[in-house]
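Chains as they are written, first to last, in this note's numbering: chain W, 1 to 448; chain Y, 449 to 961.
None of these hints come from the bench; they were simulated from the model.
A virtual CB, placed ideally from N, CA and C, is assigned to each residue, including glycine.
Wrong hints could be hidden among the right ones.
Beyond 12 Å from chain Y on every Cβ pair, some chain W residues (computed) [unchecked claim]: (1) Gln44; (2) Ala88; (3) Ser102; (4) Asn106; (5) Met108; (6) Asp154; (7) Lys182; (8) Leu202; (9) Leu267; (10) Lys303; (11) Gln355; (12) Met442.
With a Cα cut of at most 30 Å, we get these calculated DSBU-like pairs of lysine-lysine [to be verified]: (13) W:Lys128 <-> Y:Lys587; (14) W:Lys182 <-> W:Lys200; (15) W:Lys182 <-> Y:Lys770.
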Amino acid sequence: MTELKETAIKVLNCARSAGADQAEVYLKQSRETVITVSGGQVEQANIATIRGFGLKFLKKGKKVFIDSSDFSVKSIEETIARASQLIAYADEDPYNTIAPMSQTKNAMNLNDTTLKDLAFEQKVDYLKQIEKEALAFDARIEKATGVGYNENLDTVLIANTNGLLWTYPCSNIEIETSIMAKVGDDRQEGEAGRKVHFFKDLPKPGVIAAEACSVALELIGGKPVNTQQATVVFDPRASWSIIRYGIFEAVKGDHILQQSSYLCGKLGHKIASPLVTIIDDGTMPGGVKTVPCDDEGTPTERKTIIDRGVLKMYVYDLYAANKAGQKPTGNAFRRSYRSPCDIHGTNLFMEKGIQTPHDIIAEVKNGFLVKNTIGFGVDSVTGVYSMGASGRWIQNGKLLGPVSGVTIASSLEEILLGIDAVGNDLVFHYETATPTIRVKTMTISGIS
Amino acid sequence: MYQNTNLQTRRQFLKKTGTGLLSITAATSLLPILLGNREICLAQELAPNQAVWPDEETLKRVLSAAMSKGARFSDIFLERTVKRYFEIGQHKVQNIHFSIDQGAGVRVMYGEQTGYAYCEDLSADLLQETARSAAALGKSSTKSLIQPLQLLTPDTSITTQKVALGPLAEDKRISVMREAEQAALSFNPAIVDAIIEYDEAIREIMIVNSDGVMVHDVQPVIYFRLNVLAKKGDQRHMGRVRMSAKSGFELFEENSVADLARTAAREAITMLEASDSPSGEMPVVVTGGWGGVMFHEAVGHGLEGDAIAKGASFFVDKIGRKIASEIVTFIDDATLPHLRGSYNIDDEGVPAQRKVLIEKGVLKGYMHDKLSARRLDTHSTGNGRRESFRYPPMVRMSNTFILEGETSAADMIKATPKGLFAKSFDGGVVDTTTGNFTFTVREAYMIENGMLGAPVHRATLIGKGSDALQSIDLVGNDLGFGPGTCGKGQWVPVTSGQPTIRLSKIVVGGTRG
């Protein structure tokens, strides 16, 4: 921690001496462990200890981003010399700034201190157990095609020449499992995974195994249905992508300023059914993407993006906020210290409703329960939605056989306004979560 | 700012080789993933490799540490990549990013188990420590043998630079971007923004392994992306064009960026008038070039040796069988000069090759890296690639394409009474287990009575790879290639190619019955 802080001070001082009138540095130190298991033994074990910094260098409204993993004074000076040379090619833009010092102190515990002493074998055993339970789940489960564990023990530090300084330790664990089911010539993959901060919050291996196996067995042998208009129920496995790509992409401040969003000019408008409330909350206790501040140093907060169908706000990083005359919303994040910030969601979710998924399905005369979507078909520029889908057919409230090889299509506007049921089954397995939702009607394209 | 990689799936880290959803994307900036770290001495940027790479004795000692616990094989992958990124948007040079990403990955193999570790510094001590981490899976205390290192040099280079990128003045780069921006903005008053991205990487790699191989290569790559936004009332469309090559700056002498910009602008303007896309099964004429993304997904990923070795592909045990219409010959060729997916050696040091995967409809072979080749008792085909030193290699495509046939694109449309003409695409995704794939059409037109009709909105096309291969009934004479970036847990530069082709029947996912 102290070394990161000292380096941050060195970098900022050096940037100042090189002519920066403002500078922001993001440092990260990380121990990364990736383990995959196959056939009851370790298939791959990857280990790395890394650290580095990314610097936003501002001079008279011009901006350059540069990064390095070398903390030596000589290297820092050379890095900054490069920034100072490149800045001549940037255009002036008064909206390039750094965050003010913050009075907010979001105290959070995001760090599993037991992880550094947890034996490698214990993590391997967890994965082996998932594989074992999956293979024992059902005779139709042929093999596990991937069982993996990814752990990052991070220390993050954000500082700038306004005197802002945030630092926090944070552990992130992700597990992922995929298995293959086989019946006759049909094969089907099933997946399950989780992201958590604490090892103790990982579900029992059997839970993950059962989830992955159940979905594969449910979908195996899927066939296309006829092209038609029908009701579509989105399982939580599929519904999250509508809010992530259909809503969040469209309310990003940079897209609004650029006019490249179908939600431009819709602030205060009813854009969704009254059943729809969308929240982005970087402070949510226990959240996967809970952090005290974003990567520019703006404190995170809970925000209602859509309130009972009405679009309430757009989300901003510093630059977009300055340009739009708004406040930044704590949504500026980086993929690594080597990347500049972009606008991202934190814990992004749709508030749960009152109906059970069972009741939502039971009310459908003729429809499609979508379990998975596949493709690049959510376009937040035009608002067109067209995705590959697989799931189960619903007739008179009962689930029939598996369906695959079809697409579902509509416009995002019609989908959001057409939501006529929201489930009570909101569960956070990842940072984006949505309960079961039902859309009155969509076009299903399949065989003629 | 940069666009997200719009990979619309949850998968975060574990991209199991050969199974699950593999995607390719063209329209999105990969900068946040691809840009790297580590600045070193400015004067060294142009210095020869000797100034960067550790000496041979150091490398031998690192290999020796890697082999100290009875490994059967190990390799060290050293990389130094100088990256530049410039972005113009809303009429300003908004983003500049420079980095020197340098490091090494050590891989140690015990049977089919792999230990991997990497470091972001090339100091001898750190390399030793990295090798010991990578070797940690080993149970034995017996040192394995290491063959004497022998430097191999490829006879020719397919990535030579006529106008070298290293010493090029920055304003030359800005100037081609400005030219593209102006051409787009002046095309039509409805063009409201032109986002121009210049993305350049000079990747130097060196590979040494316990079999005694020692090779190095320089891989310069330029990726020039134009995103042009048109708006009229509530209608908007982003037209996109990309150009990429493993070459020097002569790319901009041989190609007009203004023409590219006008192509993107024309797409944006035309699509403002788009109506709803049709839905259901119909004949689809797919344009040449990047249209080949469909076969990259529908077929290519299923022919990657790791998917075959895991039994997670529709194409297992189908060598010698007729799997496609006999007018289809499908090739992966990493040796085509200057293409984005080309290289002299792959990231395991194996020379690049041309592989005929499907010949006149008959499956001829798979693509392999060293590990999948070992599992299937065959040789690597030079398809072991990695995003950077941070990742172990895996089986990847290079430039995959369908060989050209005899029909002209115009005749193909004439011969189609009713259908869809798919002109520009975003990306595709495949589930190799079921063979189901999608690819998303961003610019398309109806075909009515053998003539091109009105433009229609974005639609996802879906099918099974095996059915799509059988349903190709016309192959054009206009082979072209389009650049993209393929994601399989790691991102690598590729091209997809094909002449214009016609599928007699595929599901089009629009809304109009």
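Status of each hint after checking the structure:
1. Not every CB of chain Y is more than 12 Å from the CB of Gln44 of chain W (nearest about 5 Å), against its label as outside the interface.
2. At roughly 8 Å from the closest C-beta of chain Y, the C-beta of Ala88 of chain W falls inside 12 Å, breaking its exclusion from the interface.
3. Listed as a non-interface residue, Ser102 of chain W keeps its Cβ farther than 12 Å from every Cβ of chain Y; the least gap is roughly 22 Å.
4. Every CB of chain Y is more than 12 Å from the CB of Asn106 of chain W (nearest about 25 Å), matching its label as outside the interface.
5. Every Cβ of chain Y is farther than 12 Å from the Cβ of Met108 of chain W; the closest lies at roughly 22 Å, confirming the non-interface assignment.
6. No Cβ of chain Y approaches the Cβ of Asp154 of chain W within 12 Å, the least distance being about 15 Å, so the stated non-interface status holds.
7. At roughly 9 Å, the least C-beta separation between Lys182 of chain W and chain Y is not larger than 12 Å, which violates its mark as non-interface.
8. No Cβ of chain Y approaches the Cβ of Leu202 of chain W within 12 Å, the least distance being about 15 Å, so the stated non-interface status holds.
9. With a closest Cβ-Cβ approach of about 15 Å to chain Y, Leu267 of chain W is found to remain outside the 12 Å limit, as its non-interface label requires.
10. Once the 12 Å rule is applied to beta carbons, Lys303 of chain W is consistent with being away from chain Y; the minimum gap is 19 Å.
11. At roughly 25 Å, the least C-beta separation between Gln355 of chain W and chain Y is larger than 12 Å, which holds for a residue marked as non-interface.
12. The claim that Met442 of chain W is not at the interface with chain Y is violated, since a C-beta of that chain comes within 12 Å of its own (minimum 8 Å).
13. This hinted pair checks out: Lys128 of chain W and Lys587 of chain Y have alpha carbons roughly 19 Å apart, not beyond 30 Å.
14. Pair hint Lys182 of chain W plus Lys200 of chain W does not hold up; C-alpha atoms about 33 Å apart against a cutoff of 30 Å.
15. A C-alpha spacing of about 24 Å is found between Lys182 of chain W and Lys770 of chain Y, which places the hinted pair at or below 30 Å, so the restraint holds.
Violated hints, listed in ascending order, are 1, 2, 7, 12 and 14; each of the other numbered hints is respected by the structure.
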